[in-house]
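Residue numbers (our numbering), protein chains in the order written: chain A, 1 to 139; chain B, 1 to 139; chain C, 1 to 139.
In short, the hints are calculated from the structure, not lab data. Accuracy of the hints is not assured; some may be wrong.
Just so you know, same-sequence chains aren't split out, so a pair can sit in one copy or run between any two.
Claimed, not checked - Lysine to aspartate or glutamate pairs mimicking DMTMM-like chemistry, simulated, CA-CA at most 25 Å apart:
{"#": "1", "residue 1": "74", "residue 2": "61"}
{"#": "2", "residue 1": "35", "residue 2": "139"}
{"#": "3", "residue 1": "11", "residue 2": "65"}
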Amino acid sequence: MSVVTKTIKLKSKGESDIIDITDKVDSCLKESSLKKGIATIFVSGSTGALTTIEYEPGLIEDIKEAFEIIAPRKGEYHHNIRWQDGNGFSHVRAALLGPSLTVPFSDKNLLLGTWQQIVFIDFDNRSRSRELVVQIIGE
Amino acid sequence: MSVVTKTIKLKSKGESDIIDITDKVDSCLKESSLKKGIATIFVSGSTGALTTIEYEPGLIEDIKEAFEIIAPRKGEYHHNIRWQDGNGFSHVRAALLGPSLTVPFSDKNLLLGTWQQIVFIDFDNRSRSRELVVQIIGE
Amino acid sequence: MSVVTKTIKLKSKGESDIIDITDKVDSCLKESSLKKGIATIFVSGSTGALTTIEYEPGLIEDIKEAFEIIAPRKGEYHHNIRWQDGNGFSHVRAALLGPSLTVPFSDKNLLLGTWQQIVFIDFDNRSRSRELVVQIIGE
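Given these sequences and hints, build the entire structure.
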């Protein structure tokens, strides 16, 4: 049993940019010598979040529209009044979806469904350079 | 320390069918020889998700109604226009709740509250045969 | 590799009381002798949940208001009709946000962003004494 720490660097456009990171997580796993265990992906920041979706253009729009209903971009946020950075909606969306995702693997393969991809969503209101942590534990 | 991989097979009715899988996860744990650690339950698919609830008929209805507000079954989804399978709402709901749940255990027992059960929710719009992964790590 | 089980005791006011537990989780980590791995924080109960936010007064209000839209306190809940305890909204909110959060650490430090804190949200409709589990796995 051991722990392998990897990072994924990416540039996002913000504004609920939904990025498929499955291949990057898979590369982290293949670079480790671990065969079975879990990979925890983590966003070190409070305006991005993780989940899995079937990564196709229709759903990408649907997810963006769902978050626009849950926490509207033009809504009134106390955060915006205090900090004048206009990304209160980004913080609320990211808190609801969560910064952490744990995916099991076996025989060196992530145990995802055929039409299931790991996505990072950048809810911030501007483009960002991001560094995600991939903490792999296993044997 | 070791990793034990188990699977839970179940049939669901779809349409936000909420299934208590606590006993099944507990059986996976008891079958392993591990005393303390974490169990990660994972849905290998993009229309199901996991959480914990007090499993009683009132809340089961309340959770279904909450998701009907967040992502209505009859809403307009780009996914449906593209794929004609009518389950855009299922994908959005599953992405919001998430495919992964990690529960700690100690003395061979899941550290759940007295009125807290682990549930799988099948958001798809039809009955499905499902196989969940239970990845147990501990000593 | 080993597993260290810690608990965090706290008193909450309920009514979506949002409590910064970052220092408490960090203390659990420092008390263990582990250098790198993951810490899974878990709410053993069905009316509390975990996420990360930038812990500042504006966002604390924004998160509370978001949950008031998603699952209104005064809404009609089947749970309330059955049990007369009036906390149907608490259960629904907690189920949506989730009881589990996994945070990686390295060099004995949680890999959080600079403006990212771990928070416990007590959605119950009364003050509660809570005990959270912190299950630390690593080497």
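Those earlier numbered hints the structure runs against, lowest number first
none
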